[in-house]
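Residues 40 to 1317 in this note's numbering are what the sequence shown lists, from first letter to last.
Here are the computed lysine to aspartate or glutamate pairs in the EDC-like style, where the Cα-Cα straight-line distance is at most 20 angstroms:
hint, residue 1, residue 2
1, Lys485, Glu597
2, Lys529, Asp510
3, Lys529, Asp547
4, Lys261, Glu241
5, Lys660, Glu447
6, Lys943, Asp1089
7, Lys261, Glu238
8, Lys1135, Glu950
9, Lys620, Glu657
10, Lys620, Glu656
11, Lys529, Asp582
12, Lys1009, Asp1049
13, Lys660, Glu441
14, Lys633, Glu658
15, Lys1063, Asp1049
16, Lys120, Asp91
17, Lys846, Asp836
18, Lys214, Asp282
19, Lys246, Asp259
20, Lys545, Glu571
21, Lys633, Glu657
22, Lys1039, Asp1020
23, Lys214, Glu227
Here are the computed distance ranges between Cβ atoms for each label pair:
hint, residue 1, residue 2, range
24, Arg513, Glu980, 41 to 49 angstroms
25, Leu762, Ile438, 45 to 53 angstroms
26, Ala458, Glu765, 55 to 63 angstroms
27, Asn1069, Ala458, 29 to 37 angstroms
28, Asp266, Pro109, 19 to 27 angstroms
29, Tyr403, Asp836, 32 to 40 angstroms
30, Glu549, Arg271, 51 to 59 angstroms
31, Pro109, Asp140, 16 to 24 angstroms
32, Val978, Ser455, 23 to 31 angstroms
33, Asp510, Leu704, 55 to 63 angstroms
34, Asn274, Asp114, 26 to 34 angstroms
35, Leu977, Gln641, 40 to 48 angstroms
36, Pro248, Asp1040, 31 to 39 angstroms
Keep in mind that the hints were calculated from the coordinates and are not lab data.
These numbers come from a predicted model, not from an experiment.
The beta-carbon is built from N, C-alpha and C at its ideal position, and this holds for glycine as well.
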Amino acid sequence: MKFPSFLAVFSLLQVILLIPGLCARKTDSCGRSVSYPTLGERHSKEYCAMYDICGQRSDGKVLNCPYGSPSVKPDDLFSAKIQSLCPSISGNVCCTEDQFDTLRAQVQQAIPFLVGCPACLRNFLNLFCELSCSPNQSLFINVTSVSEVNGNLTVDGIDFFVSDAFGEGLYDSCKEVKFGTMNTRAIEFIGAGATNFKEWFEFIGQKAPPGFPGSPYAIDFKSTVPDLSGMRLMNVSTYSCGDTTLGCSCGDCPSSPQCSNSEPPSPPKKDHCSITIGPVKVRCIDFALAIAYIILVLGLFGWALFHRQREGILESDREPLLKSIDEDEANLSNMQYDENLALEGRGVASQLKNEAQLSIIQGYMSRFYRSYGIWVARNPTLVLFSSLAVVIVLCFGLIRIEVETRPEKLWVGHGSRAAEEKQFFDSHLAPFYRIEQLILATLPDKTQGKSPSIVSDDNIQLLFEIQEKVDGLRAIYSGLNVSLTDICLKPLGQDCATQSILQYFKMDRENFENYGGVTHAEYCFQHYTSSETCLSAFEAPLDPSTALGGFSGINYSEASAFVVTYPVNNAIDEAGNGNGKAVAWEKAFIQLVKEELLPLVQSRNLSLSFSSESSIEEELKRESTADIITIVVSYLVMFAYISITLGDAPRLSTVYISSKVLLGLSGVVLVMLSVLGSVGLFSAFGVKSTLIIMEVIPFLVLAVGVDNMCILVHAVKRQPLELPLEERISNAMVEVGPSITLASLSEILAFAVGGFTPMPACRVFSLFAAVAVLLDFLLQVTAFVSLIVFDCLRAEDNRIDCFPCIKIPSSTEEPGEALDSRGPELLSRYMQEIHAPFLGLWAVKVVVIAIFVAFSLASIALSTRVEPGLEQQIVLPRDSYLQGYFTNISEYLRIGPPLYFVVKDYNYSLESRDTNKLCSINQCDSNSLLNEISRASLVPESSFIAKPAASWLDDFLVWLSPEAFGCCRKFTNGSYCPPDDQPPCCSPDGGSCGLGGVCKDCTTCFRHADLVNDRPSTEQFREKLPWFLNALPSADCAKGGHGAYTSSVDLNGYENGVIKASEFRTYHTPVNRQGDYVNALRAAREFSSRVSDSLKMQIFPYSVFYIFFEQYLDIWRIALTNIAIALGAIFIVCLVITSSLWISAIIVLVLVMIVVDLMGVMAILGIQLNAISVVNLIMSIGIAVEFCVHIANAFLVSNGNRDQRMKEALSTIGASVFSGITLTKLVGVVVLFFSRSELFVVYYFQMYLALVLVGFLHGLVFLPVVLSLMGPPARNIA
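Please take these sequences and the hints and turn them into a complete structure.
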């Protein structure tokens, strides 16, 4: 980050030294205050109240003589010098030439703060010009007390009679003047944040103790004169900041007439459309959906009644053959034949229907699967080993596997705008620094619940103890010791820019007592900008809001937390390396905190949270291994369930034969091979894997693959055992092959659509999953079918499951009789005898439609409440130390992330207007970038901009200004001359400075005549900009750019008149919630876009968090687009395979309802919309297909009326859908509840559990009802 530069300005207290004084006489001060005789005082025109110098204090501050004398006429040269600084004074004066030179030298400390607003500067100078040199000084100055110093009387206190009109005019012209380097108002530095002129005058008039900055004597500002005193108020005319001749910029003078048309943007209206119904206020969308629900349900019921009556009329007109088939099926369903005959009859009927009623594509698929099933049954060994060989070859790609763990590579899309802007910022300016942070906080009071203040002597001493341990920390990198001073950010000098309250004591424990302990800290909270003793060790003011937390307003003493931040240089290169030393130190830092600092702090009844730049990456790595046991348990549970569900109804005498443990285990192995093959394929092409792939994809593929395994095995089990094995396999493949293919293709397409998601981790995850599901499908219809063949042969040969080499001797039963004695499964009987007839009741259909439509409409309303984002705590392990850190960040921090407005291709030539389009001092455009930023900061609730921007351009123009005569100076040879308080003008050891030294002949860089409308020429700009950026700030010139703006300007190629990149720094308001981050980014981009269009310049905002939150700006568009593409792809697949527009539309309708309901559940559970949930929603479409397509396909190929076909579909395939799809997924998902990762619990347990339940209800309840009401008619036999 571009760190706020040193502003070592002794407050206006010191500027008061301007009051006549000269370091000419070297005398010791031993002053004692004495009463000043008032007799014989003279208050009249052309008379002085105090003149010349009579001594100096022990700290070197000079003191005026208290003797009145007539004013003196200066010579022409002296008069010209006075006019240059004090144009309101002409004729005689009340100061000597030496006094005036001292005045001029001292005011240069304040001029850089105010020169950007000429009206304010002129009023400010007039105040001290009148005090010091006015010929009528005695009319408004009255010496009230004197001190004796070495035998001489000196002024110790005065009354200064100033009119309220002048005071108000002065304050009003200066109150909004900005000091860009510190992103604050100048009044904070030269007036201690005064809120009116009386407070400002009170601050100015305080007498400073020896050694402290400020006035050497007391000044009592008064607004009324004593009666009969002959005195009057000083009432020099003041200039308004909107004055046309001395006008200020809109940023410094919002009330200026030229700025009146540029009102700050009004806060956005958050009022949503709502309707009031009695005492209830309802959102318009909720009301509209309620009305739509009523109309839709009434219309649907009316249509269903009409359609039912019409269907009854047409029932008698059906073709005889169709009626005959319906009667046969009804008789078959009611007759109590032997089970083998029933199964055989059903198989024959199914064969007849398939030959007669399938679409062209289904006919081709059926013929293919019939031939393919026979071929696999005859050649199981060839099919098994050839299919495994292909997958194993793909697995060899694992040799090149690489795992990506860098957060910016996982969560930021390639080519994203934020990524491009970050790359531009890092390459042209400087990478954002690394942050190591400690948050030390008090614990809430158990009775009141409020945390007490942490600002105490004991706690500050504890902080010193912590700091000593951090300073003593050494890490090893490449055999070298690395300390904090080796890697920390050092904007000025050799001291780290640590943001800590200890900076008020120069990071030195010895200064704690010397400065006054906690009292000094509290003093610095209010005077950090104006007191020299409050400057940090790195010579810059430290804003207490950056080092304290948990306070309200500016009540820093109430702070309940110390926030210690260690900025570390970021030396990142294109490959993401270059920070080896920093990373090594960060690891040692975290270890130190855990092992030493945390117990130390907790022993003092305080809390400590902490983080380093590499903490998130390290914790994500740890998370990858945190849930291995959970994943393994999930697989074991699913494997156990598969083994049970694939087997026949257990009979103690044949369980060792009828069980299918080995078959289930083989299916799991195939799943793992499909995952490894997918990873190997992508790794071979150089695509990096992610840790989540290895954890989640096997689970998803297993959950998806098990469905097809169960359906295949159940289809084979439904075939009559009297048929040869080849025909049973062939018939089973014909029966379920098309629906398996349809479901698998839909799943693959839905997973592949996730590849359009911009987040790399989710995109790679989706593509890996799509290929894994494809390989799993191919292995199921090849290797797994072969394994079914082997398992059937094993069972028929009475060989033991898991130990097929062991054969059980044949019993008195015929071979296979034990298997043939199986009866109808309980679940199948439930579907046929209870579930299907129940859904066939008219009242049940009405209730089902009403409930499901109501929940879908409610989910639409709820989905509008789903917020974009991904809470950082969810991504991390539950026991991560970062959990508490992120919580404390939201609770305690009172300042937001830095915000940079980056300007590209700034043309600084005199012919261009770009300078005035950017700056905010006088003569700048009212709608300039910096003025617009200043206006936006007035409405932080909508702009998310906390402060006006720090402007290198404003400070550079002020630094160049002839008025800032202590800043831009040159030697007689034309080289740069620093201010008088810097070497070589001042000796480094703190010796004498100023007049008479090597810098005595230095002159200002420019006179007004050298500039064009106070703007430098192109050549002047080009020459002096490097001077400014290398100039150290000091008391004599606080505008030096070194430190504050060292990295704010890209000087590469600037000689051509164009600066490729420069930045203007401000801050966001505190952002705590994910929505705050997203809204802050959106507001900044909208602001930049508007200003860019207005100024015709390229401007973009940049903050370190933008790269991670950009995706959420259009996450809804991405989600809806990808969902639409997935649904469209599935619709096309269904249409092609089934050749039924009707059934395809119904399937898509149900899928839409499932997705909408899932989004409603997300709103209820508080699950946010992000790339993970978007991918989950897209994949849920593919998984939900399993719940729908098998039922729909069975309905499509059935005969009879809609009710009969619905019941037959449920009787045929319903049990497989429930046991093979619903229960399998449910078993696997429930185990994830015990995951240590909140990410797994929220985005995989909660979302997939909701998907399983919603999909089950829609697939086995809602879809059958819809099909019975409005399903496509049966296809007539040709």
